[in-house]
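Trainee: Quick mapping for you: the protein sequence lines, in order, are chains A and B.
In this text, residue positions in the first sequence follow the working numbering: the first is 2, and each later residue adds one.
In this text, residue positions in the second sequence follow the working numbering: the first is 2, and each later residue adds one.
I should point out that these hints are in silico values taken from the structure, not numbers from a laboratory.
Any given hint might turn out to be false.
No distinction is drawn between identical chains; accordingly, a pair holds when it is met within one copy or between any pair of copies.
No farther apart than 30 Å at their CA atoms in a straight line, the calculated lysine-lysine pairs in the DSS-like style are these [stated by the list, open to error]: (1) K8 x K92; (2) K114 x K19; (3) K92 x K114; (4) K114 x K291; (5) K19 x K162; (6) K114 x K182.
Since we're looking at a predicted model, the values are computed, not measured.
There are 2 protein chains.
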Amino acid sequence: MQRQRLKGVLAPVVTPFKRDLSVDAERFVGHCKWLLDHGCSGLAIFGTNSEANSLSVDERIELLERLLAAGVAPSRLMPGTGCCALPDSVKLTAHAVNSGCAGVLMLPPFYYKGVSDEGLFRAFAEVVERVGDRRLALYLYHIPPVAQVPISLGLIARLLKAYPESIAGIKDSSGDWNNTKAVLDNFAAGGFDVFAGSEVFLLDNMRGGGVGCITATGNVNPGPIDHVFRNWQSAQADALQGEITATRKVVQAVPMIPALKEIIARYGEDAGFATVRPPLAALTEEERTKLFAGLRTREFAMPGLAGALQGAAALSA
Amino acid sequence: MQRQRLKGVLAPVVTPFKRDLSVDAERFVGHCKWLLDHGCSGLAIFGTNSEANSLSVDERIELLERLLAAGVAPSRLMPGTGCCALPDSVKLTAHAVNSGCAGVLMLPPFYYKGVSDEGLFRAFAEVVERVGDRRLALYLYHIPPVAQVPISLGLIARLLKAYPESIAGIKDSSGDWNNTKAVLDNFAAGGFDVFAGSEVFLLDNMRGGGVGCITATGNVNPGPIDHVFRNWQSAQADALQGEITATRKVVQAVPMIPALKEIIARYGEDAGFATVRPPLAALTEEERTKLFAGLRTREFAMPGLAGALQGAAALSA
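Next comes chain A alone, as it looks inside the complex:
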């Protein structure tokens, strides 16, 4: 039996690294707790913005265990578990389910391009069958701009038919509202939970029958985004949406992942948070200047973050 479904605003939590590029579990826990206290209903750890594909399977397993040991409830977690290699996806998914996580967010295998829906169906089906656990709530991760391997409407329909109890929903990071609308129109009424992949589409997604968003900017602006989620039926909804969209545009005007980490480092008063693993690179000075100038025009703030990270930085130093 599946656990209660996640709704609302989820952050694909960025993964902090120490100077030697090893995973910094202390800072990660500090940031996760701040997110849950400031608007995130859940955490989509190990997503694209988490540099999850730059982590080994063992690093992901250990970091999830550190998070749980620090007292974060697994009912708030939707870890990313989709890898190129079937044994890796099975191992991570089984570990998440056995840890009690609310769900998993699964990329298709993304090395081979132009693969058939038959091959992708088999890829997801093998994971469901091999994990073989009725607690599994699998969210499909559609992000063609990065993975370059799309999840088609036909594939969703086939997976839902084969595994109605396990296929729980989707994160649509296509950036194409027409696709999100088609997914909503075809599947939302049947209990398939649609998360927009950016808060830019949050209000449209809620009006279309979706359940929230899983968004990069949730890492730094969770309160205002959650405010839109909670008030999407109010008279102020469009104005509130306009505000979070404007902030998003400032952040996505520069490379997103280093930008998110620089924002947390700056507003959390913790310079060590900014490190990225290759192949990502730090922002240039020009990008940094543009980013923070933009945020000042938005009167951007991250209340309480410095306090939340202070202890963590000291522990990991």
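Add chain B to chain A, keeping to what the hints say.
Mentor: For chain B alone, coordinates are given in the frame of chain A:
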């Protein structure tokens, strides 16, 4: 100090799977030995055609050890070791070097698209530095149609400057002769070994200063391809090249990886060899018919393969 450099025809060896999709080491060893006896000077195991990114790190390590234990010389091996995650690339590369492999063929981290040369430089540099072994001969793997992350001329130059003893060459699978030519013109004279990524470009590559090819079709047609390599300066070279190009075109007219496995299964009289891991899928009946009809027009043969695989199939049954 590096070992003797590989030259000639290398096959990116396909990886056989048992019915339960586990790796079939027995069949793999049988096929590898046949390749080395029939025209391949080396084996680029764990390449794109090997479904290597569909294998876990542990599966790759174990399979390499099985191959070495079966008596295949590491001086003939150039395993693929480039993964999305730095710790995985370091682990596989160190294992290959410590096993005495002649070189490693390294994909760039391929999840994130549009990354900077700075980020890619750091990705390769971290592997070289962390492996920290002068025996390392690193071949860059440029395959933009699949990885979608190219290796630019500028990146090659920067890596050669920083690590002249470790950066040994490239496999160019761009399918773009102009790119291969530019790589040859810029770097071949300095001892940077250029392998064409398809035998279609073998003769041009040799005439331009290259050292051979690492080609999918090396799995099934190694003898004739090696014959072009050995006779590239002869009067018959263009005619010989025309023959292997014609055979290549038959194979690449259908999805290559399942096609290679079906050819080995058919000509090796070992039906179990055809299995692929998802997200790949078996050929359709139509594709299969087209493939084998085409091969018959080429008077295609794989002498001795059935014998080489017979014992292996029995052991793995």
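Trainee: In ascending order, which of the hints set out earlier in this document are inconsistent with the structure?
Mentor: none
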